[in-house]
Each structure stands twice: as C-alpha cells, then as structure tokens.
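Protein sequences appear in the order of chains X and S.
In terms of full-length UniProt numbering, the first sequence opens at residue 1 and continues consecutively.
In terms of full-length UniProt numbering, the second sequence opens at residue 1 and continues consecutively.
Hints are computed from structural coordinates only; laboratory data are not their basis.
Treat the numbers as computed from the prediction; the structure is a model and nothing was measured.
We put the beta carbon where it would ideally sit given N, CA and C, even for glycine.
Certain hints may be false.
Partial list, computed: chain S residues near chain X (C-beta under 7 Å) [said to hold, decoys possible]:
1) Glu74
2) Pro77
3) Leu82
4) Glu84
5) Val89
Covered stretches of chain X, as calculated for chain S (at least 3 residues, CB under 8 Å) [as the list claims (entries may be wrong)]:
6) 135-146
7) 252-264
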Amino acid sequence: MADVLRFTERGIHCPAGDFFIDPWRPVDRALVTHGHADHAHDGMGRYLATEAALPVMRHRLGPEAVLEGIAYGERRRIGGATVSFHPAGHVPGSAQIRVEVGGEVWVASGDYKTAPDGLSEPFEPVRCHAFITESTFGLPVFKWRPFEEENAAIDAWWRAAAADGRPAVVGAYALGKAQRILASVDASIGPILTHGAVENTNAVMRAQGIRLPDTIRVTPETRIKDHPGALVVATPSAMGGPWMRRFPQAATAFASGWMAMRGVRRRRAADKGFVMSDHADWPGLNEAVAATGATRVFVTHGYTSIFARWLREQGYDARPVETEYEGETLDSPDPGTAEDAA
Amino acid sequence: MKRFAQLYEALDATTRVLPKVAALKAYFEDAPERDRLWTVALLSGRRPKRTVNATFLREWAARAAGIPLWLFEESYPIVGDLAETIQLVLPDPSRTADLTLSGWIDRIRALAALPEAERRADVLDAWDTLGGTERFLFNKLITGQLRVGVSQKLMSRALAQATGIEEAEIAHRLMGRWAPDDVTWDALILTPDPSADLSRPYPFYLAYQLDDPPEGLGDPAAWRAEHKWDGIRGQLVRRGGEHHLWSRGEELITDRFPEMAATRDFVPDGTVIDGEVLAWDHEAGAPLPFARLQTRIGRKTVPKKLLQEAPAVLRAYDVLEWQGRDVRARPFDERRAILEGLMEGVPKDAPLDLSRLLAFEGWDDLAAIRAGSRALGAEGVMLKRGDSPYRDGRRKGDWWKWKVDPLTVDAVMIYAQQGHGRRAGLFTDFTFAVWNGDELTPFAKAYSGLTDEEFRRITAWVRRNTLERYGPVRAVRPHHVFEIGFEGIQASPRHKSGVALRFPRMLRWRHDKPIAEANTLGDLKEMLAAYG
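Use the sequences and the hints to build the structure in full.
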C-alpha cells in the first residue's frame with residue numbers, strides 16, 4: 001500500500017489529498033497542528049486548523065492569511081483523503097491530525113503531551129497504522145511530576161518572594177506555558193504582570209473564552225515599586241536581556257522540561273527551575289505510541305535516533321525523520337521564533 | 001542527609017554570594033558536629049574515595065530502571081553527569097530512611113569491604129531509599145566526585161560568621177592534611193594546636209587578570225613587576241626538619257618532585273616559600289616549555305631518566321613564613337628583601353631560583369617587556385603593589401596578572417557536536433581546520449568563547465547544514481570562520497596537523513571573512529617554529 005504521508009523538503013505531504021501538514025516552506029494547502037511558529041509558518045496559500053487554534057494563528061499570521069477552522073473530531077474529505085483533528089494536549093487548540101486513505105490511517109501528532117495541564121484540551125489517543133511522534137524529551141531521564149505539584153511549587157515560590165519584598169519573575173513560552181501558569185497560580189497572592197508577548201497571547205485567548213486571571217502589561221513606564229508582591233510572567237528570551245533591568249533583586253525562575261537537568265538550570269542562572277513542559281515525558285511518549293496500536297512509527301524532532309532505536313527494540317517498525325520542528329527550546333519566546341514581540 | 005541536601009540545593013540554586021554564605025552559616029550553626037566536619041571536608045575537596053566502579057553502577061542502574069544499557073549510555077552524555085543520570089532514570093524510592101550525612105558516608109565507606117553481590121544489594125537498597133537531591137548526592141559520594149559550587153573563601157567566610165573567628169585565620173586552619181575522622185570541631189576550627197600539622201601551607205594569594213590599561217593603577221613607582229612563569233604554582237614548606245611541596249590545588253606533591261629535597265640544605269626550618277614549579281634547563285638558566293613539565297605532573301614516582309630530561313625548580317616569588325613567623329602581613333618589599341637575602345646563599349644548580357623583579361620606568365616600558373614575555377617562556381607579567389600584604393584567595397587590588405595577548409589564527413569550522421550538562425541541546429563543541437593546499441586539515445577543538453545567543457544561532461545553522469553524521473559528531477558545510485585564540489603551540493605527532501594548542505578557544509565569529517581567507521597549516525608551522 002502506498003504511503004499515506006511522505007516526508008519532503010517542504011513538510012509532511014499527503015499525495016492523495018495534495019496537502020501538507022505543518023509545512024516549513026510555502027505550499028498551497030497547509031493543515032496545521034497548532035500555532036507555535038515552527039509548526040504554523042507564514043506564506044502558505046491557505047490554512048486549516050482547529051477552531052480553538054485559529055485566533056492565535058490569526059494574531060500571528062496577520063489579517064491577509066486565509067484561515068479555515070475545523071472542530072475536533074469533524075471528518076473532512078480532501079481529495080482522496082479523509083482528515084480529522086484530535087486533541088494533542090500540547091497547548092489550547094493543539095491537534096493531532098488523522099489522515100485516512102483507502103482504509104489506511106496515519107496520524108501526525110505535531111507536539112503533544114499525554115498528562116493534563118489544567119488548560120489544554122486533554123490528549124486523546126487515536127488508533128492508527130502509522131504514527132508520527134515527536135521526541136523532544138525522548139530519553140528515560142525525563143519524567144514529569146503531576147502538574148498540581150509543580151503548580152503548588154510555583155505558588156510557594158511566589159509567596160516566599162512576596163514575603164521577602166521581591167518580585168518573582170518566571171520565564172515561560174508566550175503561547176501555552178505562560179497561560180498554563182496564569183490559569184493555575186493562586187492569584188490572591190499578589191498582582192500579576194506580564195511581558196508584552198505574553199499579554200498579546202492572553203488577549204487573544206481571553207477573547208475566545210479562556211479564563212485567565214487579571215494581568216498588567218509591563219511597559220517602559222512600569223515601576224515595579226507600584227506592584228509590591230508581584231508575579232511577573234516573562235518570555236525566556238526576555239529574562240536574559242535588558243528587559244529584566246526593571247526588576248532588580250527579583251527572584252527568578254524558568255518553567256521548562258529542560259529544568260529537569262541540573263546543568264541546564266545552572267546555565268540559565270535563574271534561582272529556580274520548575275520542571276514543566278508541554279511535551280510528553282518518557283513514559284508519556286511510550287504510552288502514546290502504545291495507545292495508537294500503530295506498527296509503524298516515524299520519530300521527528302528531539303532525540304530521534306535514540307527513541308526510534310528503543311521503539312524498534314519494542315517491536316515497532318520505527319525510524320527517525322528529519323524535519324524543521326524545534327520542540328522546546330530555552331532561548332526563544334516560543335519555539336521557532338527568534339525575536340520578541342514588542 | 002536531608003539537611004545536607006537542603007544545604008546543597010540552596011548553594012546550587014544561586015550564583016550570588018550572600019545567600020550562599022547565609023545558607024552555610026545556618027548549617028554550621030545547627031548541623032551535628034560530624035556532619036559539619038564532613039561538610040567542611042567535602043567543600044574543601046577532601047572527598048571519600050570512590051567505593052564502587054562506575055561501570056557496575058551503570059549496569060545496576062540500567063537494570064533497576066528497566067532499560068537496556070545502551071539507552072543508559074546514550075542518556076549519560078546528554079545529562080553530562082553519571083550521578084545525575086542514575087538519579088533521573090531510577091524509579092521513585094519506595095521507602096525512606098533517616099540517616100545523617102556522616103552516617104551515609106560511613107555506610108558508603110563500608111561498601112569497599114563487601115563482596116560484589118552484597119555491595120550491589122546495598123547500593124540498590126540506598127537507591128530505593130533516597131529520592132531527588134539525596135539520591136544524587138549519594139551517587140556523587142560513592143563515585144568520589146562530589147563538588148559543590150562554593151569557594152574556600154566563601155566557606156571560610158561562613159565559618160567566620162558562625163564562629164566569630166577571623167576569616168583569614170579560618171582559611172589557614174583548614175589548609176593542609178586533616179581528615180574528619182581524626183579531628184574534632186574544636187581541634188580543627190575553634191582552638192587548634194599550631195604545632196599539630198607541620199606541613200600546613202598558607203592559602204595562596206591569586207591575582208585577577210588586568211583587563212584595563214595599567215595607567216589606571218596610578219604611579220608606577222608604587223608597583224613591582226616580575227614575569228608570570230608558566231608552570232604549577234607551588235608552596236615549599238620547611239618545618240621540623242622536613243620539607244613539603246603543595247600545589248595550588250592543595251595537593252601534596254612532595255613525592256613528585258624529589259629534587260626539592262635538596263632545598264633542605266639551604267632553606268632553614270621555619271620558612272615557607274611561594275613560587276612556580278618549572279621544568280628547567282640548568283645550562284641555559286631558563287625554563288623548558290610547559291609540555292616538558294607536563295611529563296612530570298601526572299607521575300607519583302619519577303624515573304631517573306625523567307629527572308634528567310625534565311628537572312624541576314621552584315622559582316621563588318615570595319616568602320610567607322620566616323624564622324617560624326607568619327610574615328604575610330608585612331609589605332611585599334620587606335618580604336622581598338627577606339627572600340633575596342635567603343636566595344643569596346643558594347647555589348646556582350639548586351632546585352630553587354629567584355623570580356627576578358623587572359626594572360621599568362613607566363607603564364610603556366613595562367608594556368614593552370610584557371610583549372616580549374612569550375619568547376622567554378613566560379605568560380606575561382605580574383604586578384604587585386610594593387606595600388601589599390600577602391592575602392588569601394583571589395582578590396582584586398594589590399596584585400594583578402597582565403598576560404600577553406593570545407596567539408590567534410582564523411580557522412574554518414568543520415565538525416560540530418552537542419554540548420552536555422549545562423549546554424545540553426546546543427551545538428557547542430567544534431572542530432576547526434586550516435588550509436593545507438586545497439584541503440582543510442583539522443587542528444583544534446574549542447567549545448568556549450561564544451555568547452549563549454551565538455551558540456543558539458550556530459546551533460540552528462548546524463541543524464540545517466549537516467553533511468554527514470558520525471555518531472554524535474556532525475560534519476558541517478565549511479562556511480564559518482572563527483578567530484581561535486590559544487596560549488601556546490607545540491609539535492604533536494599524534495595530531496594530523498602535527499601541532500597541539502594550549503587552551504584554544506573562540507575569540508570571535510568572523511562573519512566578515514570568507515573561508516578562503518582562513519589561515520594555513522604553513523602559518524601554524526611558522527608559529528610552532530617561533531614559539532614551540
């Protein structure tokens with residue numbers, strides 16, 4: 001049987017429907033798993049994504065982009081292929097894309113995590129013959145704790161900083177991680193300030209009905225003295241730059257799966273690292289692959305060759321594939337973005 | 001162990017001095033006495049020896065984690081630390097134990113005497129008892145590799161605050177030979193017997209690099225200058241009829257340099273000299289290249305042949321103890337007069353030599369002397385204020401090192417490898433090449449000198465420009481030129497290029513240079529002829 005999806009220089013291509021999934025070079029028709037910049041590139045003729053992902057994509061791709069929405073689970077025929085979008089648990093609106101051609105089912109999962117985060121639509125396993133999985137944290141050293149524990153640790157850290165008379169500045173992706181933190185913290189501890197890139201995404205999400213606590217945008221005029229006991233949610237890249245000068249004496253932290261590694265915590269020179277990721281950990285990746293029932297597995301971005309070898313030993317027909325997806329990095333406001341939004 | 005793990009986490013979580021000192025002070029005030037002693041020992045590099053072979057640990061950990069060994073081995077270089085890799089791959093502990101730090105150390109030391117099967121059972125039991133940082137520290141202790149990000153200076157400061165004893169005095173009390181099993185807190189820290197350890201050295205005074213022009217130091221007449229010799233900093237302690245040689249890393253290296261025994265003939269008891277151990281050409285009266293000294297450093301016993309090929313001398317910089325008295329507080333000029341008086345009686349072929357003061361009129365004059373350092377086998381010049389005491393640890397103000405600028409070549413990046421530990425996920429380890437006719441010949445590896453932002457950019461570029469993969473190494477398209485700086489060059493038959501560099505690092509990313517303008521192997525050979 002012919003391959004339902006193929007890995008090309010432009011992205012993941014479906015010959016039967018002549019569309020691409022998360023392409024990184026301009027194509028006519030793009031099906032997009034979620035709004036992070038390494039999956040939703042600009043320059044495509046038209047886009048199809050979940051209705052919940054559309055507002056952020058509109059915000060990021062601009063008014064000219066041709067966007068179309070689809071509900072989770074809704075089946076749609078494109079050429080010789082039937083497609084549907086299913087929750088990936090990565091960020092609000094994120095999806096795995098199921099593609100069926102002549103009874104053969106492939107699933108491209110984009111970025112995903114299997115554990116709930118209190119904000120995103122929970123991950124839903126989709127049965128398939130071939131599964132395309134990421135492997136950002138595809139090593140057995142990565143094991144996340146339940147999100148409630150890490151949330152409680154953030155509250156405790158914020159409370160201690162507030163009691164100390166210092167602002168608490170946490171670095172997190174502008175799309176997803178930042179809102180996940182906002183939605184979970186105990187907002188009664190103090191005021192919450194946000195970096196512009198975070199606040200822009202907040203505005204989009206509030207408009208689509210996602211409930212977030214009140215936040216104050218940091219501007220050049222912001223004086224931290226006017227906001228005692230504040231939590232500041234920044235992008236990872238802003239934390240390393242001049243933007244931080246307005247928060248002298250701040251307690252600093254990063255929220256990332258990479259914080260599981262001591263060396264990375266130290267490189268960031270933050271006081272604290274919260275191990276919090278929107279990507280699956282080692283047990284999550286393994287559970288997800290098993291739950292699909294797939295026999296063929298394609299491993300994209302991350303520890304691709306290691307995870308693929310492990311899967312082969314577990315009896316899968318698995319191999320790594322080259323893509324331009326970036327997974328979770330530590331230095332961008334979001335995956336795939338080089339510069340900060342204003 | 002919980003209390004010690006808390007201390008470790010507090011120290012590890014910050015790079016700022018005040019919170020580190022505060023955490024240590026609190027610990028020294030309330031931890032049990034044996035734990036305090038062990039903590040001082042661990043923080044000053046007195047670690048218990050490794051009790052379990054690392055290969056065994058990897059196998060046991062992989063099995064306990066339910067993963068194949070190869071997967072453990074793949075994870076280890078990415079985490080960058082064996083103790084941490086084990087900590088992370090194992091399942092959560094099923095039990096808890098309430099053992100102190102010293103209790104764990106006793107248990108770990110007892111492992112050495114156990115047969116392998118029992119040793120394994122005991123380690124597995126410990127892993128199933130300890131979680132998180134405690135498990136990490138246990139692993140560090142059994143592998144004999146615990147390091148904590150606290151300088152001796154900070155620890156001394158915290159002990160001073162906790163005990164009310166002066167910091168410099170604490171620093172001195174902690175030097176030399178002692179072990180937590182043989183001392184009490186009282187005898188080590190509070191009221192030590194000064195004659196208890198005749199070999200005890202003084203803390204070394206270390207200088208910072210002078211980055212600004214020396215004009216900022218004021219009147220040149222207030223300053224003394226000498227060459228900065230390129231060897232191992234050492235301290236010769238002559239007391240009680242014996243002699244001891246200490247390295248800057250507080251390692252006793254007396255046995256590695258047996259020629260120093262001759263110093264007993266002309267250095268009187270009650271003398272401590274600070275200097276540089278150098279491999280020495282007695283005929284020329286000049287140092288041999290550092291590479292020759294290197295042949296001696298690793299050897300605990302020295303064959304006769306090596307003693308003749310690379311004889312060592314201590315080139316004296318300073319005197320710290322004279323006639324049994326600590327003279328560190330006296331001005332440099334006074335100490336220097338004592339040292340010169342002492343050296344007058346020393347024969348020319350002795351393993352002790354004086355580092356001469358450099359006569360200079362003004363800063364320009366000294367700059368010219370500095371520029372000629374490399375030809376003399378020196379790394380640059382040292383500047384010491386004539387009225388300065390001999391301080392302890394690395395301090396700014398009275399002493400500066402003013403090293404010569406590094407040698408440089410422009411080279412092409414040809415291989416890249418991901419970093420580990422603090423640089424996991426970034427391509428940070430690069431191999432550089434120079435032109436040899438039409439070919440690029442690799443000659444150096446470097447992994448420091450770029451900013452995090454530059455590493456991030458080069459990482460993105462490497463991902464898109466990989467030509468081939470050899471395990472973790474990627475061959476990349478020759479495109480980027482970097483200025484590589486290094487401290488020295490020597491001939492090396494083991495390297496394809498025929499040369500080996502000392503401390504190569506990236507000085508600049510030369511975006512302005514096309515690869516055709518990189519240096520050639522011929523250029524390197526010329527440098528070798530001039531400075532090798």
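Hint check:
1. Evaluation of the Glu74 of chain S hint against chain X yields a held restraint, the C-beta minimum of about 5 Å falling below 7 Å.
2. The beta carbon of Pro77 of chain S is not positioned within 7 Å of any beta carbon in chain X (closest approach about 11 Å), and the interface hint is therefore violated.
3. Given the 7 Å rule on beta carbons, the hint for Leu82 of chain S is violated: about 12 Å separates it from the nearest Cβ of chain X.
4. Nearest Cβ of chain X to the Cβ of Glu84 of chain S: about 6 Å, under the 7 Å cut. The hint holds.
5. Of the supplied interface hints, the one on Val89 of chain S holds, with its beta-carbon coming within about 5 Å of a beta-carbon of chain X, less than 7 Å.
6. Check on the stretch 135-146 of chain X: 5 of its residues sit with their Cβ under 8 Å from a Cβ of chain S, so the three-residue criterion for coverage holds.
7. For the stretch 252-264 of chain X, the stated coverage by chain S holds: 6 residues have a C-beta nearer than 8 Å to a C-beta of that chain, and at least 3 were required.
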